[in-house]
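Keeping their order, the protein sequence lines are chains H and R.
Numbered per the numbering used here, the first sequence finishes at 115, counting up by one with no gaps.
Numbered per the numbering used here, the second sequence finishes at 110, counting up by one with no gaps.
Heads up, some of the hints might be wrong.
The calculated DSBU-like cross-link candidates involving lysine-lysine, where the alpha carbons are at most 30 Å apart (straight line), are [stated by the list, open to error]:
no.	chain 1	residue 1	chain 2	residue 2
1	R	K42	H	K57
2	R	K56	R	K42
3	H	K13	R	K56
4	R	K42	H	K13
5	R	K71	H	K57
Counterexamples of contact, computed for chain H against chain R with all Cβ distances above 12 Å [to be verified]:
no.	residue
6	T14
7	G16
8	K57
9	E75
10	N77
11	L88
12	N102
13	T103
14	G109
None of these hints come from the bench; they were simulated from the model.
Quick caveat, the model's predicted, so the values are computed rather than measured.
Don't be surprised by glycine CBs; every beta carbon is placed ideally from N, CA and C.
The primary structure of each chain is shown beneath.
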Amino acid sequence: KAGVTQTPRYLIKTRGQQVTLSCSPISGHRSVSWYQQTPGQGLQFLFEYFSETQRNKGNFPGRFSGRQFSNSRSEMNVSTLELGDSALYLCASSLGIGASGNTIYFGEGSWLTVV
Amino acid sequence: GESVGLHLPTLSVQEGDNSIINCAYSNSASDYFIWYKQESGKGPQFIIDIRSNMDKRQGQRVTVLLNKTVKHLSLQIAATQPGDSAVYFCAENAADKLIFGTGTRLQVFP
């Protein structure tokens, strides 16, 4: 069974640009969540989607957005990129919604560098 | 590969010894806890989980202990191997999202 797949794996963007990252969950998983990982802040929750609806949201500005398609695939977008957005963006999937007793599997991440 | 968290607490152990990685969590209402392993350049990999109504759970070579009184979680790895070298994160379920600890780097030397 294929794991969580994220594309692209690496990308470099310029300040002010926008970026879209893609995630394909494990087959049969309907929940997709996104996390940002940086050396300074660690792993932080961005948002969770289930059945094409955002179900939960972390404490990030509105420049960070996402969506989920009917096949459970998800994308996240960051607009007006700032240097501080440089991070590893991790997508995770699970069968059910939320994090209580629901095993969450992570992809390999997308490394974003903003210059 | 790339690395996140360059200045993490580090635990160095000799191959074959047991490792104990500790974690303090913040929310007394958290009902579910997970340990993840992250190797350089990879995403976090699920190791073991435990619900708050338990105080111990064992897996293959790993044991998680939960002490709700002091809000403390530990991961014990038996007979540590070079392949166990990685950063280990604890995570708690708070408000239906995972809150991660800062991580501990485990280094295994021969």
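The hints, checked one at a time:
1. R/K42 with H/K57: Distance of about 24 Å is within 30 Å: holds.
2. R/K56 with R/K42: holds, 28 Å
3. H/K13 with R/K56: Status violated; Cα separation ~46 Å.
4. R/K42 with H/K13: holds, 21 Å
5. R/K71 with H/K57: holds, 25 Å
6. T14: holds, 20 Å
7. G16: holds, 24 Å
8. K57: Given that some Cβ of chain R is not farther than 12 Å from that of H/K57, nearest at about 9 Å, it is violated.
9. E75: The assertion about H/E75 holds, with a minimum of 17 Å to chain R.
10. N77: holds, 20 Å
11. L88: Violated: least Cβ distance 6 Å, not greater than 12 Å.
12. N102: violated, 8 Å
13. T103: At about 6 Å from chain R, H/T103 fails to clear the 12 Å cut-off, so the statement is violated.
14. G109: About 5 Å separates H/G109 from the closest Cβ of chain R, which leaves it inside 12 Å; violated.
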